[in-house]
Amino acid sequence: MTQAPSAFSVKQPDAAGMTPEQLAAAFAEFMRASDRLTAAYAQLEARAERLTERLDVLMQALPVAVVVLNAEGEVVEANETARQWFGTALTVGTAWQRFAQQLRPTEAPDEVLWSAPDGEKRLTLTWSRLPDQGGELVVVQDVTEATRLREAMARQERLAAMGELVAGLAHQLRTPLAAALLFLDHLTTPGLDEARRIELAGRVKARLHRMEQLIADMLIFARGGLKAREPIALSHLFAQWWSSVEPLAQAQKVVLERLFAPQANAPVVIGDERALLGALANLAENALAVQQGQAAAWVGLGARATADQWEIVVADHGPGIPDAVRARLFTPFFTTRPEGTGLGLAIAHEVVTAHGGIIEVRSEPGEGTTFIVRLPCTVRSRDV
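Oh and the sequence shown: position 44 is 43 in numbering that gives the first Met the number 0, straight run, nothing missing.
Hint data in this document are derived by calculation from the structure and do not stem from the laboratory.
Since this is a predicted model, take the numbers as computed values, not measurements.
Each hint should be verified, as a subset may be incorrect.
Here are the simulated lysine to any residue pairs, SDA-like style, with alpha carbons at most 25 Å apart [unchecked claim]:
no., residue 1, residue 2
1, Lys252, Val203
2, Lys120, Glu229
3, Lys120, Thr188
4, Lys204, Arg228
5, Lys120, Arg147
6, Lys204, Glu229
7, Lys120, Gly133
8, Lys252, Glu229
9, Lys204, Arg173
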């Protein structure tokens, strides 16, 4: 006979294998853990709010302009500095490309000019992607004063070198001036025949032209090699450079070879095209001059561009440059040629430096020389 279970018999576990007491204890522990998580979350929220507040205060206090763009390139946030600099030209909802049309590129990459009510500002742009939001962060820094100080320092350095330049120019002018005076004295000789008179007059004229060129070269050097600020196309610059060098090479029976030519859509450089063309012409003419009278004379010219720089090359099969000479190669009035002025390479170096570039020299005695000019392109970020 089956006996009914007693009310005081041992409680059976439920389907989950836990007794009601165990379930109650587990639930109580869950509630305590939930309370702890809720408290921790509240603390995190409070901390995040404080950090957000501090970040906002920091962002507003920064001496640089900070602009946040969404995925469509529209301004969704701008700090106080940005509002002060750009006013109504850059507000929430403004399309960056429309605003960027008011920024003008300079000779330096990622630098632009902005015409502010209190004067023109030179600004640098730094871009950072915001992968979570699909937008971008633009940090704009005012480098107007730093640029002014850098240019002032460069002017001071040039002024400090003027004494040496004047002394060097006086030395360079003395020889052609003395020759011109001598030829003029011969012109006063009684009974001088017409052919001799024309010859002496031509020599006087040549010496005067030489003095004029010396003075012109010195003025270019003293000015710093940069007057205009305009976009320069590499293909156009190379074509003009080749056209100016080709007849000189033909006259000296030097083989002129195109090493590589630039693509038509190369990034531009902002600067003085005439000054750059003169600097490159000086490098090419120097390559021609060092091979004068040499058999199998050869000069190679090349120009190409990457996304951020131009590379312009002048190579020759000349005698090469000893280390001692290379160290003084760009010193004003230093020359190893009797007919040289010592200003051509100095001017080339000054012009390239003024455009933010550098000149590399690769040479070994007896193995020729290669000059490589590297100029930074104007990276027009977001159509700037």
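Each hint tested on the structure:
1. Lys252 <-> Val203: Violated, because 28 Å separates the two Cα atoms, which is more than 25 Å.
2. Lys120 <-> Glu229: holds (17 Å)
3. Lys120 <-> Thr188: It is violated: about 65 Å lies between the C-alpha atoms, which goes past 25 Å.
4. Lys204 <-> Arg228: violated (35 Å)
5. Lys120 <-> Arg147: Distance ~11 Å between lysine 120 and arginine 147 Cα, so the pair holds.
6. Lys204 <-> Glu229: violated (36 Å)
7. Lys120 <-> Gly133: violated (30 Å)
8. Lys252 <-> Glu229: Roughly 36 Å separates the two Cα atoms, so the pair is violated.
9. Lys204 <-> Arg173: holds (15 Å)
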